[in-house]
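Engineer: Given next are the chains, with one letter for each unit.
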Amino acid sequence: MRIDFERRLEPSRLIAFLVPILSVILALVVGGSLLLAAGADPVETYRAMFDGAFGTKYARSEMLVKAIPLMLTGLSVAIAFRMLFWNIGAEGQLVIGAIATAWVPLFLLRESQLPGSVLLVLMGVAAFVGGALWGLVPAVLKAFLRVNEIITTLMMNYIAVLLMDYLYTGPWKDRQGYGFPGTASFKEIISLPRLPEWFSAGRVHLGIVVAVVAALLIWLVLIRTKWGYEVRVIGENPRAARYAGISLARNIVLVMMCSGGLAALAGYGQVAGIAFRLQKGIAVGDGFTAIIIAWLAKLHPLGVLIVAILMAALSVGGDQITITMGLPAAMARVLQGAILFFVLGGEIFVRYRPRIVRTADLAE
Amino acid sequence: MPQDTPAVEMHGIVKQFPGVVANDHADLVVNAGEIHALLGENGAGKSTLMNVLAGLYLPDSGQIRVHGRVAKIRSPGEATRWGIGMVHQHFMLVEPQTVAENVILGLDRPRFRLDMPRIADGIRQLSTRYGMTVDPTAYVWQLSVGEQQRVEIIKMLYRGADILILDEPTAVLTPQEAEDLGNTLRQMVREGKAVIFITHKLDEVMSFADRVTVLRRGKTVANLVTAETTKVDLAREMVGREVVFHVDRSEYERPDTNGKSAHRMLAVEKLNALSDKGLPALRDVSFAVHQHEILGVAGVAGNGQRELAEVITGLRPASNGRVLLRDQDVTNRSPRRVIDLGMSHIPEDRMSTGLIANMTVCDNLILKDYRRPLLSRLGFILQRAVARFSDRLIDEYEIATPSRETVIKALSGGNLQKALLAREIACGGDLIIAVHPTRGLDVGATEWVQRKLLEQRQKGAAVLLISEDLDELLAVSDRVAVMYEGRIMGIVPYRQAHVEEIGLMMAGTAIEKTDPKDPHGIFEQTDLSGCQGESTS
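Residue numbers (our numbering), protein chains in the order written: chain A, 1 to 364; chain B, 365 to 901.
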């Protein structure tokens, strides 16, 4: 007896839907055995994790706060990957967005009497444009000189992060800051409004609305517009796209500017909604987690929102168990890794169906 | 081994796929020292049966014997150990690697040190022994399709295969190349190897094969000695009814313009271009195609036909010369510009260039038209108009698909080509560049495509038909141009065309038949008078 894998005539939609769910369950089982090995009660640990992310209104709020940058960077990565442009630079683009956001109230318009809403919009525009320009560099290099974008986007992350470090420890450092590295706070001048009480208890800011609107917009553009159609064609078959007269260079540049801009909006949210200054802790790897999120969501913009929440819950819940259970924070990472492992492994069932073949059927 | 033990015996092979029985108790017996044709229409189960023999599929039931011994072939690796090698229709080569690297791919020897010169020598020996010229140090991406096929065959011989399976080997070859292949195969069977080739072309069966097994709907329906049968019999066995062999062009009348009024749609003048290798692929190519005309381009694969189509459609830069579309200079303009001027292009590679495998039928049908105001407004695609547009094409061109939302790769080869042709005719259709439009299609689909081209010609279209099938070119073209090493060797009206002459030109011998004042036929008035009321078959 043996198991055969047969190609399905058409990928199964049911399985495509089930794979992520089953993957999470399997990952929890694997994680559970690791927890057992570490001497912790898995059920209790998971409950603590769940409570840490969803248990109270405050927990839910903190989880959403974590999810906002993941959503925006996830969308950023997803649209670039849709076009087979491997943008590994969401982290750097986020940082550039953070720098641009802080620059507007601290330096550009410091003494201005502009209404808060206008100032907020200007900060957002500055962030988006900054990220777009940061994304433009690898896009142009790729489109016109065929420079590998994986290398350029990755390297530009380090440039962006070091630039930010330089700014808040050097020329932009707050002189009244008692020597702590960081710019002055602009919280008294301007901050991103928080969502009303009935929705959240804590620091959930308007960034979440930006993320949801962006996801809906991207989805609409992809399925309903000429541009979206071109992007889908390029993503599926660049040769056919060229044959059909679709300009690859133009689309690479446009999509990468949007991708950079979206990641930068994550930085905008972090600075204008949470930190109110440039400081350590802005670049915590969200731009890299975004790559996992985009893949798990199958590059679907609405899927990105859901997966971002799951990832945020794992992260916040993971922090919780370090406090309440005294377990290492790496446990959450292990679970993330296990989920990804099972999702990618489960892919085979979408395209292939297992079939048990009895050896007796094969005449000797 | 005793002479009377067949090299391969397959008995009662059943292979089911979800929804279809590809092989339904199929039988096949092949002797050592014979070329055996496996004949059948598309979907008859030929490739499945051979994939079973090559270890790619495990049969649901049935028995295989190789040289009399029961063989359970569970993987291509085991097939290799049984001496079975298969050359697939879509080659399994690694394009960025050299010929030699491809040949040793997957072999467990040499164990450690790669002595490339020695391997190259081995390859050279095989290629001289079987008359297949291949440069072991060339990169696969540089090779023509015909050359790549030789690499695949050598790959199998290098593994010591004595049972060689070829899936539609001549689909990618010219008459001469096919003839060369035939000689190679005959040399192999003289040495006692067994050759099985899958085909749906009756002429090939008659000229190459010693025996033939006919499959129909997964079942073996006939097992015949070629010398004792006829094309007509084989055709009847294959499709289960009587068939017509050639499209009759007399059904497609065109206006008798009687003079120089036939409008020139496409002209190329002294066109030069480089190949992927950076070598000259086109040398001073000049010709013109007029309304109501099909200009056929014959030639052995790799003599510049692909580059010609690419330069005309804007996909490859011209290094010199001009391309005129309706008397507008479009040399080195973008593909977009050329499409906007109404050029239709049926590319050589329908799956990897012409269609987007993972998108729906509907998304594929609008690929050339989605920019037009009919289908989009203010940047938005008009869903209802797109639905109407694609339903109309599906209906008009009889594309067999469950719905317009079906992913296009689920369609059969013939229907893929129908969809491609439907789209290309819909987006203009009065100038069509068709590159191997019937390659790999079965009898019915081939006829359908040829009829569509003749229909467009009747409506006034100019068609540049690049094909390696000389019968096809002579059946539908008004004039035939022959390419050799990037040059046009001559252009002959089909009524004066002789296969031998064209064959000579394909091999590089120029025939002084064309008007010396106008060697390229640019100003030549096409022969429009003799085409009516005549059949070519």
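Treat the hints as calculated values from the structure; they're not laboratory data.
Owing to the predicted nature of the structure, the values given are computational and were not obtained by experimental measurement.
Be aware that one or more of the hints could be misleading.
The following label-pair restraints were derived from C-beta to C-beta distances [claimed, not checked]:
1) Ala16(A) / Glu543(B): 45 to 53 Å
2) Ala774(B) / Ile25(A): 25 to 33 Å
3) Arg333(A) / Arg433(B): 34 to 42 Å
4) Pro440(B) / Ala16(A): 26 to 34 Å
Here are the simulated lysine-lysine pairs, BS3-like style, with alpha carbons at most 25 Å apart [unchecked claim]:
5) Lys173(A) / Lys226(A)
6) Lys187(A) / Lys173(A)
7) Lys595(B) / Lys583(B)
8) Lys226(A) / Lys773(B)
9) Lys595(B) / Lys298(A)
10) Lys595(B) / Lys436(B)
Even for Gly, the Cβ is constructed at its ideal location relative to N, Cα and C.
Engineer: Hints first: check each against the structure and report whether it holds.
Structural biologist: Verification of the hints:
Evaluation of the 45 to 53 Å hint for alanine 16(A) and glutamate 543(B) yields a pass: the beta carbon distance comes to about 49 Å. Judged by the Cβ atoms, the range 25 to 33 Å given for alanine 774(B) and isoleucine 25(A) holds: they are separated by roughly 32 Å. For arginine 333(A) paired with arginine 433(B), a C-beta distance near 55 Å fails the hint of 34 to 42 Å. Between proline 440(B) and alanine 16(A) the Cβ separation comes to about 29 Å, which falls inside the hinted range of 26 to 34 Å.
Proposed proximity of lysine 173(A) and lysine 226(A) is contradicted: the alpha carbons are some 47 Å apart, above 25 Å. About 16 Å separates the Cα atoms of lysine 187(A) and lysine 173(A), which keeps this hinted pair within 25 Å; it holds. Proposed proximity of lysine 595(B) and lysine 583(B) is supported: the alpha carbons are some 20 Å apart, at most 25 Å. For the hint linking lysine 226(A) to lysine 773(B), the alpha-carbon distance of about 23 Å falls within 25 Å, and the restraint holds.
For the given pair, lysine 595(B) sits about 52 Å from lysine 298(A) by alpha-carbon distance, which is inconsistent with the 25 Å threshold. Of the pairs offered as hints, the one joining lysine 595(B) and lysine 436(B) is violated, with about 35 Å between alpha carbons and a cut-off of 25 Å exceeded.
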